[in-house]
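Residue numbers (the numbering used here), protein chains in the order written: chain A, 1 to 355; chain B, 1 to 282; chain C, 1 to 294.
Be aware that one or more of the hints could be misleading.
[Claimed, not checked] Sample of chain A residues facing chain B (criterion: CB under 7 Å; computed from the structure):
1. 73
2. 74
3. 82
4. 84
5. 86
6. 90
7. 104
8. 308
[To be verified] The list that follows gives simulated cross-link-like pairs (lysine-lysine, DSSO-like), each with its CA atoms no further than 27 Å apart:
9. B:190 - A:131
10. A:102 - B:187
11. A:21 - C:4
12. B:112 - C:201
13. B:187 - B:271
14. B:112 - A:105
15. A:131 - A:102
Everything labelled a hint here was simulated from the structure, so no lab data went into it.
The structure presented is a predicted model; accordingly, all values stated were derived computationally and were not measured.
We treat Cβ as the ideally placed atom computed from N, Cα and C, and that holds for glycine.
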Amino acid sequence: MAAIELRDVRKVYPGGVEAVKGVSLDIADGEFLVLVGPSGCGKSTLLRMVAGLETISAGMASIGGRVVNTLEPADRDIAMVFQNYALYPHMSVRQNLQYGLKNRKMEKAEIARRVAEAAEILQIAPFLDRKPRQLSGGQRQRVAMGRAIVREPSAFLFDEPLSNLDAKLRVQMRGEIRRLQRTLGTTSLYVTHDQLEAMTLADRLVVLNGGLVEQVGTPMELYERPASVFVASFIGSPSMNLIGIGSGAIEGLTGLGTMPGVPAGRPFTLGVRPEHLDVTEGESTAGEVTLLLTVTNVEVVGAESFVYGRLGGTGPDVAVRVSGYSRLEPGVTLRARARPGALHAFDASTGRRLT
Amino acid sequence: MVENRPWLSVATHVVLIIGLVIVLFPIWVAFVASTHPADRFVSGVVPLLPGTHLIGNYAAVLGEGARQNGLPPVGPMLVNSLVMALGIALGKIAISLISAFAIVYFRFPFRKIAFWIIFLTLMLPVEVRIVPTYQVIANLGMLNSYVGLTVPLIASATATFLYRQFFLTIPDELAEAARIDGAGPWKFLKDIVIPLSRTSTAALFVILFIYGWNQYLWPLLVTTDPDYYTVVMGIQRAARATDQEPLWNLVMAVAMLALLPPVIVVLAMQKLFVRGLVETEK
Amino acid sequence: MAEKRVVFSGWGFPALLLLPQLAITFIFFILPAAQAVRQSFFRADAFGFGERFVGLANYTSLLASADYLQSFVTTLIFSLAVTVLTLVISLAFAAAVDRLIRTSGLYTALMIWPYAIAPAIAGVLWWFMFDPSIGIVAYWLRVGGLSWNHLLDGTDALILVIVASAWRQVSYNFIFFLAGLQSIPRSLHEAAAIDGAGPVKRFFTIVLPLLSPTLFFLIVIDVVYAFFDTFGVIDATTAGGPGQATTTLVYKAYADGFLSQNFGSSAAQSVILTLVVVALTVVQFRFIERRVHY
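Whenever a hint applies, use it, and build me the whole structure from the sequences.
Here you go:
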């Protein structure tokens with residue numbers, strides 16, 4: 001078990017493309033850290049540099065206090081779970097689990113003990129002698145996990161391990177991975193593009209954008225105080241409503257006074273989450289921010305519905321969460337009230353948080 | 001088929017039966033000829049049904065009887081052919097596999113040059129460089145030897161490209177997983193790549209075995225000692241053993257023995273054979 | 001050139017892995033090729049003691065030689081005939097087998113035999129059938145009123161080697177045509193049938209155009225085969241005769257160099273043949289490139 005430390009890590013490809021532009025992170029011993037961001041944000045590259053599958057162009061990476069920049073992947077005491085599992089197709093499950101240990105010249109008895117233990121934890125004992133192609137997606141996923149566990153490494157590296165599973169299995173395996181990591185207490189670095197996966201798994205999560213860290217924090221910190229428009233729109237689903245506020249009044253928006261941290265008269269981006277808007281019948285009272293929407297579309301999910309409408313009839317699209325079944329028809333006008341304290345303000349040009 | 005037209009079905013079968021006759025008739029005639037005594041071929045028409053001398057004729061060509069009739073014995077020639085076919089097939093597979101592995105899984109300064117040098121061999125079949133190649137073999141003292149029969153033919157652009165194509169389809173993650181599992185390049189080649197290439201290798205082997213067995217010009221160039229004749233080139237010696245009409249019953253027995261091994265390989269491994277053909281020409 | 005994302009480091013190990021292939025290529029391909037180019041500019045003196053530089057004389061005398069030009073013509077006729085015969089017959093068989101559902105496997109198994117048979121053996125099999133004194137086909141021809149003697153008649157000899165060469169190549173073409181035909185979706189046949197196209201019309205307007213990549217590919221393969229791989233057929237049956245009637249370019253390079261020991265001329269012929277191979281390879285790759293861009 002070990003802490004991982006990254007200091008101004010950069011990746012420049014031979015063509016001159018800079019995929020990671022200086023990232024510094026401290027991952028505590030036993031922590032589950034999730035790297036999340038859209039494709040091309042550099043999250044996989046960062047993970048692969050920690051694994052030793054990509055060279056580190058500049059900066060320093062250490063695992064358990066040992067600088068690993070020039071170490072072979074096998075010497076970094078890490079284990080990795082791949083998106084496509086990368087199980088050796090010609091080997092049985094048992095051979096897959098054993099392969100790395102045999103290469104380390106571990107004793108037979110110890111190998112057998114570890115394989116049995118991992119098989120027990122992951123409930124894959126019944127198919128230890130099958131080939132990967134005879135297994136279902138979920139079972140393969142477990143075997144890939146097993147291959148990581150038997151190594152008893154100082155850190156687990158996960159590269160979108162659930163992306164190849166169907167939605168239902170993904171939720172189930174997500175829970176299992178979290179439980180397993182808690183039980184073993186192994187430091188974990190987990191890459192995903194799925195914000196829901198990131199929120200549910202992470203002790204802390206790191207939002208990456210264009211090779212740079214946008215924000216680091218616990219899931220709730222990121223949800224409640226997104227540091228930028230990018231994080232605000234990336235975390236949460238449907239994403240935060242963003243309304244550009246200029247000097248003049250906005251059609252359909254009333255009650256917006258001065259925002260804390262925003263100099264009067266300065267243009268900014270107003271953010272409010274769909275779940276922080278309540279449909280209201282009555283007139284707005286003073287100090288309440290109210291949005292007047294012309295409904296364009298209603299999505300009924302079951303326990304809740306999302307109502308989409310144009311602000312003031314012609315303005316930007318705004319989503320409102322309504323609990324239960326919404327019977328609103330397109331074309332009707334809807335009045336929504338923002339909950340107090342649920343408003344965010346971002347700089348209109350840099351996108352950084354102002355409040 | 002889309003519609004049912006009797007005349008078309010009839011035409012289909014007529015075409016196919018004609019096809020089968022064209023394909024199989026020469027082989028049948030050869031087989032029949034190899035079962036008759038020699039005097040059956042002095043004049044007149046070749047019989048179309050098997051005769052009674054099957055065992056006698058084959059025993060004659062395989063044993064010493066052939067020599068009495070001026071033919072080199074076929075038994076040793078079959079052994080030579082087998083050695084040559086196996087040597088060429090296995091040799092080509094071995095050196096192509098490791099070359100392709102080097103080209104695909106490493107980055108080194110002269111990689112592209114190596115690739116092009118191997119590619120160049122496609123443009124230089126034996127047939128176009130007969131005399132100088134012969135001189136090289138002669139200078140190296142490789143005439144009349146198994147080494148001379150096999151080694152010069154085992155460079156193979158086609159097999160190297162086939163392996164390269166195949167390696168490119170192996171997911172990168174597998175190599176990464178192996179690296180994390182502590183496997184260096186040699187272990188990765190031995191434990192992962194070679195086992196994964198099994199089917200391609202088997203298909204290639206079928207094609208290359210036939211290629212090696214059927215070599216004609218090469219053994220003609222490098223062997224002058226009958227002890228190293230292969231059966232495919234031996235057929236020419238057999239057919240021209242006398243200035244008269246060839247001893248057709250014996251020549252056809254030799255031909256049957258020469259064509260049987262590759263035909264058996266093709267029929268026994270038809271799927272692999274077709275796959276190998278299609279893959280080597282991709 | 002497609003590349004792997006992951007690679008191992010170092011260059012000593014890959015160099016070692018490439019060594020056998022490169023060494024063989026150098027010793028048995030590049031060295032003789034260079035030697036051929038050199039020899040093509042020299043001529044051995046009458047007593048075989050030395051050689052002298054003659055510039056392009058070997059080439060000019062080749063091009064001025066009626067024999068060489070004749071063998072050029074022979075090669076063209078031979079290659080054209082083998083290619084056309086092979087393509088037509090194999091396409092007919094493949095189209096017929098493609099129509100079948102249940103018995104196609106059986107027909108395929110029987111149809112691919114000849115590919116396993118060496119060209120030299122194929123030549124001898126057909127020689128036996130066409131043998132003027134006892135051959136069964138020669139006998140049928142006589143009964144039909146046609147005289148046949150490939151030992152004396154140049155045209156008969158050429159026909160014999162063409163037939164034997166094409167016979168062996170049919171199975172190869174058949175495999176590729178059948179694969180090509182089977183990759184045409186059945187729904188396309190059905191759509192065309194609904195559009196009112198009968199089976200014959202469908203073959204020429206739908207199937208053949210879709211098969212054209214396979215067709216072009218096989219043309220190149222068959223021409224290469226006819227040029228080079230038929231050496232065995234010719235040497236085992238007619239040995240280039242009677243006269244020069246079946247002497248192709250490759251056979252002439254062999255006969256002049258190996259049998260007549262005329263190294264300079266043979267080397268010049270080798271160089272010319274190499275240029276032919278290069279041209280054919282370029283055509284083949286051009287075509288494959290185009291096919292990839294479809």
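Tested hints:
1. 73: Nearest chain B Cβ about 5 Å off; hint holds.
2. 74: holds (4 Å)
3. 82: Holds, because the Cβ-Cβ distance from residue 82 of chain A to chain B comes to roughly 4 Å (cut-off 7 Å).
4. 84: Holds, about 6 Å.
5. 86: holds (4 Å)
6. 90: holds (4 Å)
7. 104: Cβ of residue 104 of chain A sits 6 Å from chain B, so the hint holds.
8. 308: Because about 40 Å separates residue 308 of chain A from the closest Cβ in chain B, which is outside the 7 Å limit, the hint is violated.
9. B:190 - A:131: holds (19 Å)
10. A:102 - B:187: holds (11 Å)
11. A:21 - C:4: The given pair, whose Cα atoms are some 24 Å apart, holds under the 27 Å limit.
12. B:112 - C:201: Roughly 49 Å between the alpha carbons, so the hint for residue 112 of chain B and residue 201 of chain C is violated.
13. B:187 - B:271: With Cα atoms ~31 Å apart, residue 187 of chain B and residue 271 of chain B exceed 27 Å; violated.
14. B:112 - A:105: Judged against 27 Å, a Cα distance of about 37 Å means the pair is violated.
15. A:131 - A:102: Holds - the C-alpha atoms of residue 102 of chain A and residue 131 of chain A are around 19 Å apart, at most 27 Å.
In terms of the numbered hints stated before, the structure departs from hints 8, 12, 13 and 14, listed from lowest to highest.
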